[in-house]
Amino acid sequence: MAIGSLFIIAISAIFINNFVLIKFLGICPFMGVSKKLDSALGMGGAVIFVMTIASAVTWTVQRYVLDKHGLQYLQTIVFIVVIASLVQFIEMFLQKSIPDLYKALGIFLPLITTNCAILGVTIMNITEKYSFIGAVVNGLSAGIGFTLALVMMAGIREKLDLADIPAALKGVPITFITASLMSLAFMGFSGMKIG
Amino acid sequence: MTAALVLGILGLLLGLALALASKAFYVEKDERIEKVEQVLPQANCGACGYAGCASFAEAVVKGEAEISGCIPGGSDTAAAIAGILGKKASQSEKIVAVVHCRGDINAMRNRFEYQGIKDCNAAMLLHGGDVDCLYGCLGYYSCVEACPFDAMDKTENGGVRVNEEKCVGCGVCVDACPKKIIELKKASKKVDVLCSSRDKGGDVMKVCKVGCIGCKKCEKACPVDAIKVTGNLARIDYDICISCGKCAEVCPTHVIDDKLAALFPGGKRIPPVIEPEKCIGCTICAKNCPSDAIRGKVKEIHEIDPEKCVACGICVEKCPKDAIRWHEE
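So the sequence lines, in the order shown, correspond to chains A and B. Using my numbering, the letters of the first sequence correspond one by one to residues 1 to 195. Using my numbering, the letters of the second sequence correspond one by one to residues 1 to 329.
One should not assume that every hint holds.
DSS-like cross-link-like pairs, simulated, lysine-lysine; straight-line CA separation at most 30 Å [said to hold, decoys possible]:
no.	chain 1	residue 1	chain 2	residue 2
1	B	Lys-217	A	Lys-96
2	B	Lys-118	A	Lys-170
3	B	Lys-62	B	Lys-185
4	B	Lys-35	B	Lys-118
5	B	Lys-200	B	Lys-308
6	B	Lys-318	A	Lys-96
7	B	Lys-259	A	Lys-96
Quick caveat, the hints were computed from the structure, so don't treat them as lab data. Since this is a predicted model, take the numbers as computed values, not measurements.
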């Protein structure tokens with residue numbers, strides 16, 4: 001696959017079809033771990049990591065197991081099972097082999113096991129009929145897009161803590177309003193035409 | 001049929017893979033961490049600077065934290081940890097909290113009638129509380145509530161006193177007090193100024209009978225210049241203080257508390273004496289005496305000069321032969 005089309009996949013996944021702000025997937029961690037910048041970075045790292053590997057593995061499973069036996073309707077359940085065990089496996093592997101990375105990702109790794117954003121990206125890989133490399137790039141970029149949104153949100157929320165907000169809007173409400181404004185801003189990318 | 005088969009086989013394979021992986025990637029945890037954790041107080045007070053007893057245990061085993069880092073555990077815990085790690089414990093001195101106020105709080109609630117919740121931090125928000133003295137204890141016992149070791153006693157006049165037997169020096173009360181009148185100090189220091197008022201002498205007298213009026217008598221009485229009056233308030237530098245109690249003797253408002261003197265009958269310190277038959281003339285007592293009150297040559301019997309002696313009791317503790325004892329009337 002040409003470098004150009006991979007670039008388009010990447011840009012599209014990071015900005016135009018940003019998983020959080022345009023597709024509204026993974027809202028739970030987006031609200032949950034965006035209070036502090038460093039935990040947002042940790043979560044983002046874990047998501048990038050898992051999305052990339054999950055893309056590669058589920059693409060293979062789809063191509064060589066499901067497609068072969070005509071079992072496309074089992075996609076959701078098979079993907080969930082595969083991703084869940086994959087994350088468990090990665091966790092064990094990291095703890096043994098790369099303890100530093102395990103510490104950095106920490107609690108976030110098991111947290112995103114069954115996140116809809118992960119499942120979303122893997123299913124999107126199939127519906128968009130990406131090649132293997134395309135799927136991996138899509139997973140990686142979707143993770144980067146997720147991290148981008150999360151880190152931006154964390155930065156804004158850290159500032160919001162100091163702002164004078166009306167009592168009724170304090171906490172979650174103002175966060176949702178902020179998220180919707182960010183989402184509107186990202187909608188601007190959808191007018192872009194690449195290629 | 002194929003669906004069930006594929007899903008079943010997939011689940012079986014993944015399960016097997018995970019089971020194998022958990023064996024292959026089994027991480028051995030340092031068993032000493034668990035052992036250290038068991039000897040810790042499990043109060044998770046955070047006085048060591050770590051998130052809790054578990055993370056402190058990990059840090060100690062890795063050598064990142066001091067063996068004596070657990071303040072609540074004190075020297076017993078330090079010794080136990082040292083035993084597990086095969087290291088020597090550095091002596092950790094017992095730390096206790098001291099409340100710098102002994103005012104009659106119940107008699108001083110005259111500023112207004114406070115009807116809010118009984119909590120110092122809440123009372124503090126309302127013009128600094130209803131107690132006349134703006135520097136002293138509020139008497140709503142936030143520190144008593146906060147203390148994880150039940151070491152803060154309510155006094156009969158509405159204030160608080162630290163029970164040094166139970167206190168472990170974790171510092172939770174220090175943070176709980178909105179007036180910031182609680183301080184941590186070494187338990188071996190027996191003399192404290194129990195007042196925090198920075199008002200001028202006359203203003204203090206108007207609201208409180210046992211307040212520091214900044215008369216500086218203590219400053220003059222101190223043999224080692226450990227007590228200083230700054231901003232109308234006497235404060236003891238515990239690093240210099242020898243706990244002689246001279247300041248407490250001269251204080252006109254009796255705001256300086258001498259815990260050592262309180263142990264003597266009549267509340268006055270009486271110098272200890274050296275038993276001639278036990279003294280071997282090792283000079284350890286003379287070297288440790290803060291007021292230079294012990295005389296005697298090497299290998300000869302030593303004597304305490306009652307004029308110079310401040311009855312601090314250091315020599316009684318230091319004598320290797322137990323030859324120094326408190327004078328008995």
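Next pair to validate is Lys-217 of chain B with Lys-96 of chain A; report whether the Cα-Cα distance is within 30 Å.
67 Å, violated
Would you mind confirming whether the straight-line C-alpha gap from Lys-200 of chain B to Lys-308 of chain B stays at or under 30 Å?
34 Å, violated
Given the hint that Lys-62 of chain B pairs with Lys-185 of chain B, test it: the Cα-Cα distance must not exceed 30 Å.
Holds - the C-alpha atoms of Lys-185 of chain B and Lys-62 of chain B are around 29 Å apart, at most 30 Å.
Checking one constraint from the list: CA of Lys-118 of chain B to CA of Lys-170 of chain A, max 30 Å. Satisfied?
Holds, at about 27 Å.
Need the status of pair Lys-318 of chain B, Lys-96 of chain A: alpha-carbon distance at most 30 Å?
The given pair, whose Cα atoms are some 53 Å apart, is violated under the 30 Å limit.
Do the alpha carbons of Lys-259 of chain B and Lys-96 of chain A lie within 30 Å of each other, as the hint requires?
Violated - the C-alpha atoms of Lys-96 of chain A and Lys-259 of chain B are around 56 Å apart, more than 30 Å.
Just to be careful, I want the Cα atoms of Lys-35 of chain B and Lys-118 of chain B compared with a cutoff of 30 Å; is the pair within it?
42 Å, violated
The structure fails to meet hints 1, 4, 5, 6 and 7 from the earlier list, while all remaining hints are met.
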